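A.B. asks: These protein sequence lines map, in sequence, to chains A and B.
Following this note's numbering, the numbering of the first sequence begins with 1 at its first residue and continues without gaps.
Following this note's numbering, the numbering of the second sequence begins with 1 at its first residue and continues without gaps.
The reader is advised that the hints may include incorrect statements.
Claimed, not checked - Using C-beta positions, here's what the derived DEER-type ranges look like: (1) B:M99 with A:E242: 30 to 38 Å; (2) A:Q64 with B:M99: 22 to 30 Å; (3) A:Q64 with B:P118: 56 to 64 Å; (4) B:F27 with A:K53: 56 to 64 Å; (5) A:K53 with B:L270: 51 to 59 Å; (6) B:I143 with A:K103: 37 to 45 Å; (7) A:V15 with B:P144: 55 to 63 Å; (8) B:L87 with A:E93: 23 to 31 Å; (9) A:E93 with B:L114: 38 to 46 Å.
Stated by the list, open to error - Here are a few chain A residues that sit away from chain B, every Cβ distance over 10 Å (derived from the structure): (10) F61; (11) S90; (12) K102; (13) K176; (14) D222; (15) G234; (16) Y304; (17) I306; (18) L309; (19) L327.
No lab work stands behind these hints: they were computed from the structure.
All values reported here derive from a predicted model rather than from experimental measurement.
C-beta: ideal position from N, C-alpha, C; glycine also.
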Amino acid sequence: MKVVLEGLSKHFGKVKAVDDLDLEIGDGEFVALLGPSGCGKTTTLLMIAGIYKPSSGSIRFDEQVVNRLLPKERNIGMVFQSYALYPHMSTFENITYPLKLKKVRKREMKERAQRVADMMGIGELLDRKPAQLSGGQQQRVALARALVKEPAILLFDEPLSNLDAKLRLRMRGEIKRLQEDLGVTAVYVTHDQVEAMTMASRIAVMNYGVLQTYGAPSQLYDHPDTLFVAGFIGAPPMNFIEASFEERDGGFYLRSQALEIRIPDERGALAKQNNAPQRVIMGIRPEDVTVVAERDGDFRAEVYLIEPLGREDLVTFRFDDEEIRALVPAPFDGQIGETICLKLDKEKVHLFNPETEVSVLRSGNGGSSYH
Amino acid sequence: MAVRRKLRPILAYFFLIVPSALILLGFLWLFITSFSTRTEGLRSLGWTLRNWSFLWKAPFGPMSPSIWLITLNTFLVAVGMTVLVVLVSSMSGYALSRMKFAGRKGFLSATLILHAFPSVTLLIPIYFVLRWISGIPIIGGGIPLIGGFGFNTLGGVALVMVAFQLPFGVWIMKGFFDEISWDMERSALIDGASRFRVWRQIIIPNIKPGIAALSIFSFLAGWNAYLIPFTFTIRRSGKISVLSVYLQSFMGETTITNWNAVAAVGLFQLIPVVIFFLFSQKALLNIYGGGKKGGV
Chain A
1 MKVVLEGLSK HFGKVKAVDD LDLEIGDGEF VALLGPSGCG KTTTLLMIAG
51 IYKPSSGSIR FDEQVVNRLL PKERNIGMVF QSYALYPHMS TFENITYPLK
101 LKKVRKREMK ERAQRVADMM GIGELLDRKP AQLSGGQQQR VALARALVKE
151 PAILLFDEPL SNLDAKLRLR MRGEIKRLQE DLGVTAVYVT HDQVEAMTMA
201 SRIAVMNYGV LQTYGAPSQL YDHPDTLFVA GFIGAPPMNF IEASFEERDG
251 GFYLRSQALE IRIPDERGAL AKQNNAPQRV IMGIRPEDVT VVAERDGDFR
301 AEVYLIEPLG REDLVTFRFD DEEIRALVPA PFDGQIGETI CLKLDKEKVH
351 LFNPETEVSV LRSGNGGSSY H
Chain B
1 MAVRRKLRPI LAYFFLIVPS ALILLGFLWL FITSFSTRTE GLRSLGWTLR
51 NWSFLWKAPF GPMSPSIWLI TLNTFLVAVG MTVLVVLVSS MSGYALSRMK
101 FAGRKGFLSA TLILHAFPSV TLLIPIYFVL RWISGIPIIG GGIPLIGGFG
151 FNTLGGVALV MVAFQLPFGV WIMKGFFDEI SWDMERSALI DGASRFRVWR
201 QIIIPNIKPG IAALSIFSFL AGWNAYLIPF TFTIRRSGKI SVLSVYLQSF
251 MGETTITNWN AVAAVGLFQL IPVVIFFLFS QKALLNIYGG GKKGGV
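Excised from the complex, chain A in its bound form:
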């Protein structure tokens, strides 16, 4: 089932929780709504569910406008962050509650419940009450309850936040596989960019109620539209350095107090085409910063902090007043205070307009955002 949001807005008094949102979710697609707390993603989800009424704009399921439909008429399954199981009912009663309300016959109810429970690996727990289950088991009951009515769309509101790291990893994969197997359209709200990147086919990044960008994970990672998206996606986060953008002797250069690099001509030309100002913000990811010998380096910096991550070490370097983080293969043999030479991968340098916070390297074709 396709979902189309058009000009969707929601006010709570003076507060604009969602501002003029345009979004199109394809049939069977897994879309993540990603953003920091308070960005409007949960509000959007609840409007799709029918719990909140939009202040303006429309929501369409396939071709039908569903603004006025009650939640129960929308054929949706929803999993909440707190699972929202009914504590006074058994697991079986929890799962079959939607069926009971639809007046499904007892035998069919039992069959469907057992089938879904087995699929979620909780087939033996049907007699227990939620309080007698572990967090992961409760999560699966919540999922089973959402699935049992064979909904046209699945909605997730940060369902993995209450689980420990290992369980979260496992459930992430399971939910993704489940969605692929069932082919149900899914909308997944999260503040964890790793979850969004690994699970979704497209990610809608939101901030302060406004859609920042909407595209495939690789698109968002390699070609972030805005400063916010660039800094939000990817861990460890992108480094930002102020620099001036200059064109001279037929080449394009970025210069700050401590460093000067020449960027590839195509990128420079693109930036010029997009009217890049003189002062820009340069972005480079930690994995694109490498430690090199003296003669190959772009600039020198002093080791400030070393954080071992096992496979790599995250090293923070200081130069001028700026800091730059690099991911170097473990073990890093530098010492704190030591001056090291660093090189940046010029093909991976991003440029942003400091005032509009928009990338000046957008090519216009294959653009990833809707406006």
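The hints should help you fit chain B onto chain A, whose structure is shown.
C.D. replies: Below, chain B alone, put in the same frame as chain A:
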């Protein structure tokens, strides 16, 4: 400093035991007096059962009502009032907690103000209201058992008691509803329940401690009520409404008060309360138990 440390528990016990002992002393006197002809302090001057004769013989003559009829009346008032209070409070508490409507804030402050209002000042206006209700056919005075809802009826007394108890009830129930997570309701709405169903099947079962607490408070208020029943029922031809009024009738202005009988009747009025408390104590203490796992 070791003295200081030893002093603390001693002080604590002192402040616990002394007031409790004083209160218990009162009850002890009550008990002894009810079984004695006369007492001197706590010493009985003669054991007897005649103070308890009201249980099988009407004390003011064969025309006056028996204690059992009056107990039934008291029970009807207390239970009727409790049921009404719990029903109305749980519904309005839910609406106040969950729904947005014009005047909601004003309504909430109004309940607080009403709760603080001294009932005494409203006695006269209520009299006029009850008289007006008596004028309504059937409801005014024709219902069997409770006699209707007008003046000089059990129903009328219960109605007034409900009115005074409601602000407290609504406030308490709203508090309990506020504790339930919104997600559980949203989930039920998505599953297909109507608002009323959500209230009945999902929320109320999780409010049980709140309902228990309100029931207990309301029942006790109804059982022990004196001013309202006394004011709004008439002692005509020996007809007496509830136990508290019955008790008061023992303390006449023209005859010598038989304190031993008073003690006995007083104790009698206490017994159901004690029994009620024994059973509901666990439910009451559970209000502070809570017990939600992980949820928001």
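A.B. asks: Next step is simple, just say for each hint if it's right about the structure.
C.D. replies: Okay, the hints, checked on the actual structure:
Evaluation of the 30 to 38 Å hint for M99 (chain B) and E242 (chain A) yields a failure: the beta carbon distance comes to about 52 Å. Distance hint for Q64 (chain A) and M99 (chain B): a CB-CB separation of about 28 Å, consistent with the stated range 22 to 30 Å. With their beta carbons about 59 Å apart, Q64 (chain A) and P118 (chain B) fall inside the hinted range of 56 to 64 Å. For the pair F27 (chain B) and K53 (chain A), the beta carbons lie near 60 Å from each other, so the given range of 56 to 64 Å is met.
Taking the beta carbon of each, K53 (chain A) and L270 (chain B) are about 55 Å apart, inside 51 to 59 Å as hinted. Evaluation of the 37 to 45 Å hint for I143 (chain B) and K103 (chain A) yields a pass: the beta carbon distance comes to about 39 Å. Taken as a hint, the range 55 to 63 Å holds for the pair V15 (chain A) and P144 (chain B), whose Cβ atoms sit roughly 58 Å apart. The supplied range of 23 to 31 Å is met by L87 (chain B) and E93 (chain A), whose beta-carbon atoms lie about 26 Å from each other.
Checked against the given bound of 38 to 46 Å, the beta carbons of E93 (chain A) and L114 (chain B), roughly 40 Å apart, stay inside it. For F61 (chain A), the requirement that its beta carbon stay farther than 10 Å from each beta carbon of chain B is met, with the minimum near 14 Å. Every CB of chain B lies more than 10 Å from the CB of S90 (chain A), the least distance being 13 Å, so the non-interface label holds. The non-interface label for K102 (chain A) is inconsistent with chain B: the shortest C-beta to C-beta separation is roughly 6 Å, within 10 Å.
The Cβ of K176 (chain A) lies farther than 10 Å from every Cβ of chain B, with a closest approach of about 22 Å, so its non-interface assignment holds. The beta carbon of D222 (chain A) sits about 36 Å from the closest Cβ of chain B, which is more than 10 Å, so the claim that it is off the interface holds. Against chain B, the non-interface label of G234 (chain A) holds: every CB pair exceeds 10 Å, the least being about 29 Å. The Cβ of Y304 (chain A) lies farther than 10 Å from every Cβ of chain B, with a closest approach of about 39 Å, so its non-interface assignment holds.
Distance check for I306 (chain A) against chain B: the nearest CB is about 37 Å away, which clears 10 Å, and the non-interface claim stands. For L309 (chain A), the non-interface assignment is confirmed: its Cβ lies about 30 Å from the closest Cβ of chain B, beyond the 10 Å cut-off. Annotated as non-interface, L327 (chain A) keeps its C-beta farther than 10 Å from every C-beta of chain B; the closest such distance is 35 Å.
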